[in-house]
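Fit chain Y to the given chain D structure using the hints.
Protein chains in written order, with the working numbering: chain D, 1 to 577; chain Y, 1 to 115.
Do not rely on the hints blindly, as some may be mistaken.
[To be verified] In silico DSS-like cross-links for lysine-lysine, where the CA-CA straight-line distance does not exceed 30 Å:
#1 D:202 with Y:87
#2 D:451 with Y:10
#3 Y:4 with D:451
[Claimed, not checked] From chain D, some residues computed to sit far from chain Y (all C-beta separations above 10 Å):
#4 43
#5 121
#6 209
#7 257
#8 475
#9 552
[To be verified] Taking beta-carbon pairs under 7 Å as the criterion, some of the chain D residues facing chain Y (in silico):
#10 46
#11 47
#12 135
#13 451
#14 491
Hints are computed from structural coordinates only; laboratory data are not their basis. Ideal placement from N, C-alpha and C gives every residue a C-beta, glycine not left out.
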Amino acid sequence: MIRVSTDVFIIGAGGAGMYAAVAAARAGARVLLADKSLISRGGATIMAQMTVAAAVGHEEPDHWTHHLADTIEAGNGLCNEHLSAILCEEGPIRIMEMDEWKVGWARENGRMTQVHAPGHGLKRCVYVDYLNTGPAVARTLRGEVAQGAGITRVSGLAVMEILVRDGEAAGAVAIDVESGETILIEAGAIVLAAGGLTRLYKRNSASVNMAGEAYAMALRAGAELIDMEFVQFFPIGHLAPRLVGMDPIMWDPFRYKVGGRLLNGNFEEFIHDYGASDGGTYTARRDVASYAITREVEAGRGSPHGGVWLSFEHIPDDVMMDKFGPMIDRLAKNGIDLSKSAIEVSPIAHYHMGGVRVDDEMRTRVPGLFAAGEAVGGANGATRLSGNAITEAFVFGERAGRFAATHATHAKGGRSQVALDEASAVAALAAPRGQIKPGAKLDGGAAALMKELQALMWDKVGLFRTGEALEQALARIREMQRDDMSRMAIPDDAPFNQALLDWYELRAGLLCAEAVTLSAINRTESRGAHQRDDIPDASPEFERNQTIVLQNGELVAGWVDVPRISYTLEDKVAAAV
Amino acid sequence: MSEKLHATLKVSRGAEGDAPRFDSFDVPFEDGASVLDALVWVRTNQDASLAFRYSCFNANACKECMVRVDGKTEYACTARLKTGIVKVEPLAKKRLVRDLVTDIVPPKERLRGEG
Chain D
1 MIRVSTDVFI IGAGGAGMYA AVAAARAGAR VLLADKSLIS RGGATIMAQM TVAAAVGHEE
61 PDHWTHHLAD TIEAGNGLCN EHLSAILCEE GPIRIMEMDE WKVGWARENG RMTQVHAPGH
121 GLKRCVYVDY LNTGPAVART LRGEVAQGAG ITRVSGLAVM EILVRDGEAA GAVAIDVESG
181 ETILIEAGAI VLAAGGLTRL YKRNSASVNM AGEAYAMALR AGAELIDMEF VQFFPIGHLA
241 PRLVGMDPIM WDPFRYKVGG RLLNGNFEEF IHDYGASDGG TYTARRDVAS YAITREVEAG
301 RGSPHGGVWL SFEHIPDDVM MDKFGPMIDR LAKNGIDLSK SAIEVSPIAH YHMGGVRVDD
361 EMRTRVPGLF AAGEAVGGAN GATRLSGNAI TEAFVFGERA GRFAATHATH AKGGRSQVAL
421 DEASAVAALA APRGQIKPGA KLDGGAAALM KELQALMWDK VGLFRTGEAL EQALARIREM
481 QRDDMSRMAI PDDAPFNQAL LDWYELRAGL LCAEAVTLSA INRTESRGAH QRDDIPDASP
541 EFERNQTIVL QNGELVAGWV DVPRISYTLE DKVAAAV
Chain Y
1 MSEKLHATLK VSRGAEGDAP RFDSFDVPFE DGASVLDALV WVRTNQDASL AFRYSCFNAN
61 ACKECMVRVD GKTEYACTAR LKTGIVKVEP LAKKRLVRDL VTDIVPPKER LRGEG
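Bound conformation, chain D alone:
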């Protein structure tokens, strides 16, 4: 068994994890930054080809409190307003820092270009041109991480379990993916930055390594999760014709940059039938658009593949060429000519509002365990405002790294490790290896069961839910955990043992699926991204956050009051002037 030790151990090297590494190193800590995939290639950041919200005020006068007001309004009464305020106040600082690091925010005449994204009161969202925001962000942070003194990077390290000693997070156990070796990491503080759970849905915009592992590790370590019932569905994910080599959520920026029209199967506009105005601005809120599209399809007014049409046919060619640029050629390779035909779009699982419950310093209730990025729950309430995800990765990543460094190097009096025994590491990995059946045929492995879980979550725990369907899903999820998982044949140690990795991933995914479903059953109202067909109205008594913990192997839910800010936004603006 290989042992390594560090001050701050960061799990996940997307935007949040890399920012945490830079911040922790800046604070003087030794950092180990690990990713199951390759550093900066996995997670949601690389797929975020969209925009980033921050009140930098380059396009029109803005103040972070206006961004906060929009974030809280989108959150439908459930935002942890302390976290939302941190997100909005520090967002511009991080955007400007990324600018100094030459990320390449799109500019005109020296000023950053900001677009008006859905749900925002004004033009607030910066981007890197031609759907390059996520890759540019990943490349920039990757460069900063590589230059950071005291940062060790490890690709291909699949972390399985946080090890807790005397009530504190003391390390972790991992598998080196290429060699199959068990790795024991001793750490003064740990940052969970391994993203969300949208891969648990059949139609999703997730990287493959987003099956809820950060949440599952947090639960098993004793941390609380919050708001797990709130899964954001992106309204216009690509549906048809088949599109490869491009992000399925790519259409949104073009929709509001050039004004794409959403049409039902009869080629009629329909958003206005659902209480939203889309005329001319094309900025109907995401939950409204998802709702309207799903209802049109249910009413038999869908497009051939079960979505709706998105049409740019009315836009002049020169405008299309100006705004789409090289994308026109990439679309042509997919056989798509936007001047001649509309494409089909449908809602798609995109982001998880729920996550690990943290305080303002990104601390979980387990001392030494921090969270960052999409892994954090609370800042976005019941619906996330568009553009807040990358901002959140930067802001919460920076804070988690900084405060974890302080915890590891100061609060603990310089203690950066405890003697973790190898037996506990082996025990943490023991579950599936006891079920290895030599020579077993490997059909019906974890990948097949994951596919069933994705269909189950889509059908029964998706955009529109009923108590009955949720109960059916919960029963099947628990049956999978109890029966199917233990029946599965897994090959013994091997280099790049994909079947074994899939088993662990599925175990995490099932625990998260259970948490989402249980939370959705308990919230007997409709609010934001949680819509119950059997209980269509919001109820004031549910203007609370739901927590989930793991106790004696069972998930237990509870309710807490929503953290509110005590100042008025007008006071903040006045104080700033």
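Frame of chain D; chain Y shown alone:
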């Protein structure tokens, strides 16, 4: 009764040092499908142990899925599947780890243990 189109993937298998072998898998063919779609279909439906790298899915963002398709180096996510036989092999100039996985990890991102 309509005959559904299919492709036959001939996939190079085995770890570094093993005798090289190819396994054949019949996979359903759909218009516009990628080679990565077919590999994922095999892992899900035919052989859970088939090893290949990918992180983003068909977006060509992570750049991890590079393999040889019919002898040509391509990203599996942008290489289109065709009907008939499609040969998929690991990158030729990288050290083989297993199946289609080669060692593409930058040297500075390798684990260095303390023994």
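Violated hints - listed by number, lowest first: Structure breaks hints 4, 6.
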